[in-house]
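When we follow the numbering used here, the leftmost residue of the sequence shown carries the number 387, and every step to the right adds one.
I should point out that these hints are in silico values taken from the structure, not numbers from a laboratory.
Hints may contain errors.
Listed next, with one range per pair, are the computed distances between beta-carbon atoms [stated by the list, open to error]:
id, residue 1, residue 2, range
1, 411, 433, 29 to 39 Å
2, 410, 437, 28 to 38 Å
3, 409, 433, 29 to 39 Å
The calculated SDA-like cross-link candidates involving lysine to any residue, where the alpha carbons are at most 25 Å apart (straight line), are [what the hints assert, rightly or not]:
id, residue 1, residue 2
4, 433, 465
5, 388, 468
6, 388, 406
7, 388, 463
8, 468, 454
9, 468, 447
10, 393, 437
11, 419, 443
12, 393, 468
13, 473, 441
14, 419, 408
15, 419, 441
16, 393, 406
17, 468, 409
18, 433, 408
19, 388, 441
Remember, it's a predicted structure, so these values are computed and weren't measured experimentally.
Even glycine gets a Cβ: it sits at the ideal position worked out from N, Cα and C.
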Amino acid sequence: MKLQFSKAALNDLVRLRAFIAEHNPTAARQVAKRLRGAISNLTDAPKIGRPVEGFPGEIRELIFGRYVVRYEIRGTTLYILKIWHGKEDR
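Generate coordinates for the entire structure from the input sequences, incorporating the hints supplied.
Given below as structure tokens:
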């Protein structure tokens, strides 16, 4: 399965890493690396995330630690739509 990030998801990764880096640059690198790893693993098990109701298509969410990764499965491509911290108001 192919993995593709939306512009919003890429911006989310940058934003989250920058926020953490303000207080702990090492932790920011570690969190970003683990988050990217979890997202990459979705290509092997794309249906591991819970389905999200109320959206067209096959939209799912992966809860990874304190973070939520919303993605869509379309054929052989997995689109990462948004990423946020669980305490953010979404």
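Against the structure, the hints:
A beta carbon spacing of about 35 Å between residue 411 and residue 433 agrees with the range 29 to 39 Å that was offered as a hint. Look at residue 410 against residue 437: about 34 Å separates their beta carbons, and that is inside 28 to 38 Å. Taken as a hint, the range 29 to 39 Å holds for the pair residue 409 and residue 433, whose Cβ atoms sit roughly 35 Å apart. Restraint check for residue 433 and residue 465: the C-alpha separation of about 13 Å stays at or below 25 Å, so the hint holds.
With a C-alpha separation of about 17 Å, the suggested pairing of residue 388 with residue 468 holds against the 25 Å cut-off. Taking the CA atoms of residue 388 and residue 406, the gap is about 29 Å. The hint is violated against a cut of 25 Å. Taking the CA atoms of residue 388 and residue 463, the gap is near 5 Å; set against the 25 Å cutoff, the hint holds. At roughly 8 Å between alpha-carbon atoms, residue 468 and residue 454 fall within 25 Å of each other, so this suggested pair holds.
A distance of roughly 9 Å separates the Cα atoms of residue 468 and residue 447; the hinted pair therefore holds under the 25 Å criterion. For the given pair, residue 393 sits about 22 Å from residue 437 by alpha-carbon distance, which is consistent with the 25 Å threshold. The suggested pairing of residue 419 with residue 443 is violated, with an alpha-carbon distance near 29 Å, which exceeds 25 Å. The hinted pair formed by residue 393 and residue 468 meets the criterion: a straight-line CA distance of about 9 Å does not exceed 25 Å.
Between residue 473 and residue 441, the direct Cα distance comes to roughly 22 Å. Compliance with the 25 Å bound is thereby established for this hinted pair. At most 25 Å may separate the alpha-carbon atoms for a hinted pair to count; residue 419 and residue 408 meet this at roughly 17 Å. For a cut-off of 25 Å, the pair hint linking residue 419 to residue 441 is broken: about 29 Å separates their Cα positions. The hinted pair formed by residue 393 and residue 406 meets the criterion: a straight-line CA distance of about 20 Å does not exceed 25 Å.
Annotation: proposed proximity of residue 468 to residue 409 holds, straight-line Cα distance about 23 Å (limit 25 Å). Note on residue 433 and residue 408: the hinted pairing is violated, with a Cα-Cα distance of about 34 Å set against a maximum of 25 Å. Between residue 388 and residue 441 the CA atoms are separated by roughly 22 Å; this keeps the pair inside 25 Å, and the hint holds.
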